[in-house]
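Please arrange chain R on chain Y, whose structure you already have, making use of the hints.
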Amino acid sequence: MRNKRIGVVGAIAAAALAFGVVAGVPARAADKEIVIWADETRGPNLDKLMSQKSDWVSGYTFKIVTWSSFTALKTAFDAATEKSGPDIVMAPNDWVATGAKAGKLAALTPSSKVKSQFTAGQLFDLSYKGKLYGLPVDVNNTGMIFNTKLVASAPKSFGDMVDLYISKKASLKAGLCVAGGGNSWGGLAVGTAMGAYPYKIAATGAVDSADPVNATTLAANVTKYLLGADGKSNGFFPASDAGCKENFLAGKVPYAIIGNWEWKDYLDKGFKMNLMPVPGVTSGTYAPGFGSVSGALLTTYAATHGVETGAKSALFNIFGSAVGARSYQAIEGRPAASKDGAKYSKTAAQKGFAAVAGASSIPQIGIILDGDKTSYWEAIGAFWTAVLVDGKSPTTEATKLAAIYKANLAKGLKDL
Amino acid sequence: MLVSIFRGKFAFALKIIALLLVNSILVMLAQQALASGEYAISIFLAVATLSINFVYLTKRSVPLKFFLPGLLFLLAFVVGPVLYTLAMSGFTYQTGNTLSKPESIIQLQKNAIQQDSNQTIFDVTIGKNGSNELGVIYFDSLTNEYAISTEKDRTVEPASTIVKNEYDIPSSSPNFEALTEVELAALDAQIPKLKFYYNDELYLGLEGFEAASIYEQTLKFDAASGDFKSLINSDIYRDNGRGNFANINNPEDILQPGWRTPIWFENYTKLFTDQRLRTPFIQVFLWTISFAGLSVLTTFALGLLLAIALNKAIRGRRFYRSILILPYAMPSVMSILIWGGMFDTDFGAINNLFGTHIAWFQNAAFARTAVIVVNLWLGFPYFYLVASGALQAIPAELSEAAAIDGASPRQIFNKITLPLLLKILSPLLIASFAFNFNNFNLIYLLTGGGPIAQLDGEIAGSTDILISYTYKIAFNQGNSNLGLASAISVLIFLLVASISLYGLKKSKVLDDFV
Numbered sequence: 001m002r003n004k005r006i007g008v009v010g011a012i013a014a015a016a017l018a019f020g021v022v023a024g025v026p027a028r029a030a031d032k033e034i035v036i037w038a039d040e041t042r043g044p045n046l047d048k049l050m051s052q053k054s055d056w057v058s059g060y061t062f063k064i065v066t067w068s069s070f071t072a073l074k075t076a077f078d079a080a081t082e083k084s085g086p087d088i089v090m091a092p093n094d095w096v097a098t099g100a101k102a103g104k105l106a107a108l109t110p111s112s113k114v115k116s117q118f119t120a121g122q123l124f125d126l127s128y129k130g131k132l133y134g135l136p137v138d139v140n141n142t143g144m145i146f147n148t149k150l151v152a153s154a155p156k157s158f159g160d161m162v163d164l165y166i167s168k169k170a171s172l173k174a175g176l177c178v179a180g181g182g183n184s185w186g187g188l189a190v191g192t193a194m195g196a197y198p199y200k201i202a203a204t205g206a207v208d209s210a211d212p213v214n215a216t217t218l219a220a221n222v223t224k225y226l227l228g229a230d231g232k233s234n235g236f237f238p239a240s241d242a243g244c245k246e247n248f249l250a251g252k253v254p255y256a257i258i259g260n261w262e263w264k265d266y267l268d269k270g271f272k273m274n275l276m277p278v279p280g281v282t283s284g285t286y287a288p289g290f291g292s293v294s295g296a297l298l299t300t301y302a303a304t305h306g307v308e309t310g311a312k313s314a315l316f317n318i319f320g321s322a323v324g325a326r327s328y329q330a331i332e333g334r335p336a337a338s339k340d341g342a343k344y345s346k347t348a349a350q351k352g353f354a355a356v357a358g359a360s361s362i363p364q365i366g367i368i369l370d371g372d373k374t375s376y377w378e379a380i381g382a383f384w385t386a387v388l389v390d391g392k393s394p395t396t397e398a399t400k401l402a403a404i405y406k407a408n409l410a411k412g413l414k415d416l
Numbered sequence: 417m418l419v420s421i422f423r424g425k426f427a428f429a430l431k432i433i434a435l436l437l438v439n440s441i442l443v444m445l446a447q448q449a450l451a452s453g454e455y456a457i458s459i460f461l462a463v464a465t466l467s468i469n470f471v472y473l474t475k476r477s478v479p480l481k482f483f484l485p486g487l488l489f490l491l492a493f494v495v496g497p498v499l500y501t502l503a504m505s506g507f508t509y510q511t512g513n514t515l516s517k518p519e520s521i522i523q524l525q526k527n528a529i530q531q532d533s534n535q536t537i538f539d540v541t542i543g544k545n546g547s548n549e550l551g552v553i554y555f556d557s558l559t560n561e562y563a564i565s566t567e568k569d570r571t572v573e574p575a576s577t578i579v580k581n582e583y584d585i586p587s588s589s590p591n592f593e594a595l596t597e598v599e600l601a602a603l604d605a606q607i608p609k610l611k612f613y614y615n616d617e618l619y620l621g622l623e624g625f626e627a628a629s630i631y632e633q634t635l636k637f638d639a640a641s642g643d644f645k646s647l648i649n650s651d652i653y654r655d656n657g658r659g660n661f662a663n664i665n666n667p668e669d670i671l672q673p674g675w676r677t678p679i680w681f682e683n684y685t686k687l688f689t690d691q692r693l694r695t696p697f698i699q700v701f702l703w704t705i706s707f708a709g710l711s712v713l714t715t716f717a718l719g720l721l722l723a724i725a726l727n728k729a730i731r732g733r734r735f736y737r738s739i740l741i742l743p744y745a746m747p748s749v750m751s752i753l754i755w756g757g758m759f760d761t762d763f764g765a766i767n768n769l770f771g772t773h774i775a776w777f778q779n780a781a782f783a784r785t786a787v788i789v790v791n792l793w794l795g796f797p798y799f800y801l802v803a804s805g806a807l808q809a810i811p812a813e814l815s816e817a818a819a820i821d822g823a824s825p826r827q828i829f830n831k832i833t834l835p836l837l838l839k840i841l842s843p844l845l846i847a848s849f850a851f852n853f854n855n856f857n858l859i860y861l862l863t864g865g866g867p868i869a870q871l872d873g874e875i876a877g878s879t880d881i882l883i884s885y886t887y888k889i890a891f892n893q894g895n896s897n898l899g900l901a902s903a904i905s906v907l908i909f910l911l912v913a914s915i916s917l918y919g920l921k922k923s924k925v926l927d928d929f930v
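Here the protein sequences come in this chain order: Y and R.
Take the first sequence: its position 47, counting from 1, is numbered 47 in our numbering, and each next residue is one higher.
Take the second sequence: its position 341, counting from 1, is numbered 757 in our numbering, and each next residue is one higher.
It should be emphasised that the hints constitute simulated quantities derived from the structure, not laboratory data.
Even glycine gets a Cβ: it sits at the ideal position worked out from N, Cα and C.
A couple of the hints might just be wrong.
Sample of chain R residues facing chain Y (criterion: CB under 7 Å; computed from the structure) [claimed, not checked]:
| id | residue |
| --- | --- |
| 1 | Ala449 |
| 2 | Gln523 |
| 3 | Glu597 |
| 4 | Asp604 |
| 5 | Gly624 |
Only part of the chain R face toward chain Y is listed, based on derived beta-carbon distances under 7 Å [stated by the list, open to error]:
| id | residue |
| --- | --- |
| 6 | Thr514 |
| 7 | Ser533 |
| 8 | Ile537 |
| 9 | Val598 |
| 10 | Ala601 |
| 11 | Phe625 |
| 12 | Ala627 |
| 13 | Asn666 |
| 14 | Ile698 |
| 15 | Gln870 |
| 16 | Gly873 |
Next up, chain Y with everything else stripped away, as it sits in the complex:
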């Protein structure tokens, strides 16, 4: 009986071991496979690109892993290990600083031919402490469109928009709202129109170290354009972006800021892509929004996986070449970052968004925006809530906001 029991145990152990050895698969299926992680829009676009042409780098195959959202992609990338991490990640530019500091991103040096495809600002977007960590892929920005049934002609100043809203207030839910990108990212231009700059860019292209916000001017503009005589919100700009897209499409809001990834939704509803930057308070000027790039970033995992050189070549061949730009632009809806790619941006929307970014935008510098105690993302939302919802004094709140922006700029400049 004892021998029989031992025999059974031995048989189980052997079977289990055999199964385990056979079934155990290594973490990466192919030695020369370049793994690219992307969000829910770029991932499928890259899949289409690879199905059309997969030999971007001879001797290498590509595997595209698509995540359900940028948040999911970020969570996964933050948790990635040497074994599980991607070789290239398609990411917004404000991941570069934290990724480089965390040792997850690897620097690369493109040839002058590849560099010439991009503007200095675009390359700066993907740089940290002077090193470039990827290639720009597409421009991330928003633009303002207006409902031609409510608005006869393009507004020349912020005041024109407010005046139109006041004249038609009874039939409208708001004057200008943010349909794409949220009030803090998509709605930056409303803040800068009032004078709430998180930072300014000097003519040289460098970040201006002077204080970006004049609290008095900001408070005065907010009082004049966004508040009524009773000191409460006049309803022109809601503190929340909830329902904006629906209200605009229903003809209840004349002006909306939309994202360059969703313009087809508006075309389908019969709206024209009369894209323009948000007008400034001075006639003929524009308020800058974020005009940054998303990029294909090289990770340090590529070296661990033994595909770093191939991954670099992949970046140059796909996103830094005319062939790659043409192929990718035929699929992608966003405006291309590269000059060759821009030639193949055929739709009015892509050209319109690119024009908005070119006319009036500032790069999204994560190292300044994330701040230390209070980030830009938290502060501007709190400001709009305090002034437009809670009815607090614009002067007091503008002073607090200015102090936060000043501290964030000082900290960010030290780290740039």
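Just chain R now, kept in the frame of chain Y:
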């Protein structure tokens, strides 16, 4: 037939098949963990496999046959994470300090290069020279000559001997033969480490398979002293004991990335000595105690009230019992999100119903009220169920005897029913307190911890509880601090354990088990 399922040859066969499956899975996982370098996990899985086989194939310990699965899961998913969290709480583990020291040194060495002043890049072809040494052939635009650079030297090639490809890039010469694409792919792991000689100070580093840039090393690591030395200005960067190499002349000039380093109890002391952390920590702690206490009180009170009301035979009692369970049956995530919409300032059902325009989630008092109300909705069915069962367990004779002695219904409830109920339900009340102390889902989904007066520099929101506050510290977009978050998690564990033990001791429930 049924007996044969649990005894006899059929049962034995089922046991063997089950063991086979479990062993296969555990061995496979152990092998993968070993291949990934996760030795602790691999050892644990191997020990688990052996222990499962020992327990279920021998008659050494029959009770262990019942306890072993739970024990293994407890070790894997409770004890293990607690120990790991405890360990991490003693480290600087934050953005910029997540690697190990050797990894950090490798990264720093790799990043410690800069291009020449002209930012020169050459189009190159990778291959081997006449001596079979790996090298690159290129046109040097700075010196207007064709050259081959290997790791040891650089030789000039006559222009007339150079063969170019279709892009007019030099690809071969009598002293140089290009590698094939297959050969290049095989060398990928080696290529990033190659430095081809340019001159005594500069070298060529490959950027992909077709370009090379002129670089100079800016930092050098001295393994003997463990310091980095700048080759530009001779500055020394030394381990500052906090996970970074810092300039000995300017401690704020640190090299990134850094590494995780033990700082022992500093994360704990920081919570009480750093005012930026102490003030919100105390505020959040007080609210967490209040929230957990109020949640238990309100859900228990409403649950008990309904249980007492439906303890009597009334018309439609079955129907009422069914609908009262519905909030408990629905996924809590859905309920919380729906309630979040109902509390919306402009479109919410609550404001529409009462004709108000309350900004529920922008005011601290209203936000806290909303949180308590939603938790009441989610929690009362549970206490209704347990109270119903507990009421059945109380002998009716006690109430009847008291009534005969002239006690009023209120006296009967206060002096007999409630004390007995509390004795029966106290472990559940303590468990509910512990659950609500860490009720992350509700806070995160409903209010996000807000409102937060960001403009006043607040870090924690009015409805943040310790666990949601810890989450923000751990996963802050700009600067996540997992070490500090681990320290707070350990404190939460100690707090909840202490409160639970105190409550159990007070209620003397554990006396029944001793």
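Against the structure, the hints:
For the restraint placing R:Ala449 at the interface with chain Y, the shortest Cβ-Cβ distance is roughly 10 Å, beyond the 7 Å limit, so the hint is violated. The restraint placing R:Gln523 at the interface with chain Y holds, with a minimum CB-CB distance near 5 Å, inside the 7 Å limit. Checking R:Glu597 against chain Y by beta carbon gives a least distance of about 4 Å; that is within 7 Å, so the hint holds. Because the smallest distance between the Cβ of R:Asp604 and any Cβ of chain Y comes to about 5 Å, under 7 Å, the interface hint for this residue holds.
The restraint placing R:Gly624 at the interface with chain Y holds, with a minimum CB-CB distance near 4 Å, inside the 7 Å limit. A hinted interface residue such as R:Thr514 counts as satisfied when its beta carbon comes closer than 7 Å to some beta carbon of chain Y; here the least separation is about 5 Å, so the hint holds. Restraint check, R:Ser533 versus chain Y: the minimum CB separation of about 13 Å is more than 7 Å; hint violated. Interface hint at R:Ile537: satisfied, since its Cβ lies 5 Å from the closest Cβ of chain Y, which is below the 7 Å cut-off.
For R:Val598, the shortest C-beta to C-beta distance to chain Y is roughly 6 Å, which falls under 7 Å, so the interface hint holds. Residue-level restraint check for R:Ala601 holds (minimum Cβ-Cβ distance to chain Y is 3 Å; threshold 7 Å). This hint holds: R:Phe625 has a C-beta 5 Å from the nearest C-beta of chain Y, less than the 7 Å allowed. Given the 7 Å rule on beta carbons, the hint for R:Ala627 holds: about 4 Å separates it from the nearest Cβ of chain Y.
Below 7 Å, beta-carbon pairs count as interface contacts, and R:Asn666 has none with chain Y, the closest being about 12 Å; its hint is therefore violated. For R:Ile698, the shortest C-beta to C-beta distance to chain Y is roughly 18 Å, which exceeds 7 Å, and the interface hint is violated. Interface hint status for R:Gln870: upheld, as the beta-carbon distance to the closest one in chain Y is roughly 4 Å, under 7 Å. Interface restraint check for R:Gly873: the shortest CB-CB distance to chain Y comes to about 6 Å, inside 7 Å, so the restraint holds.
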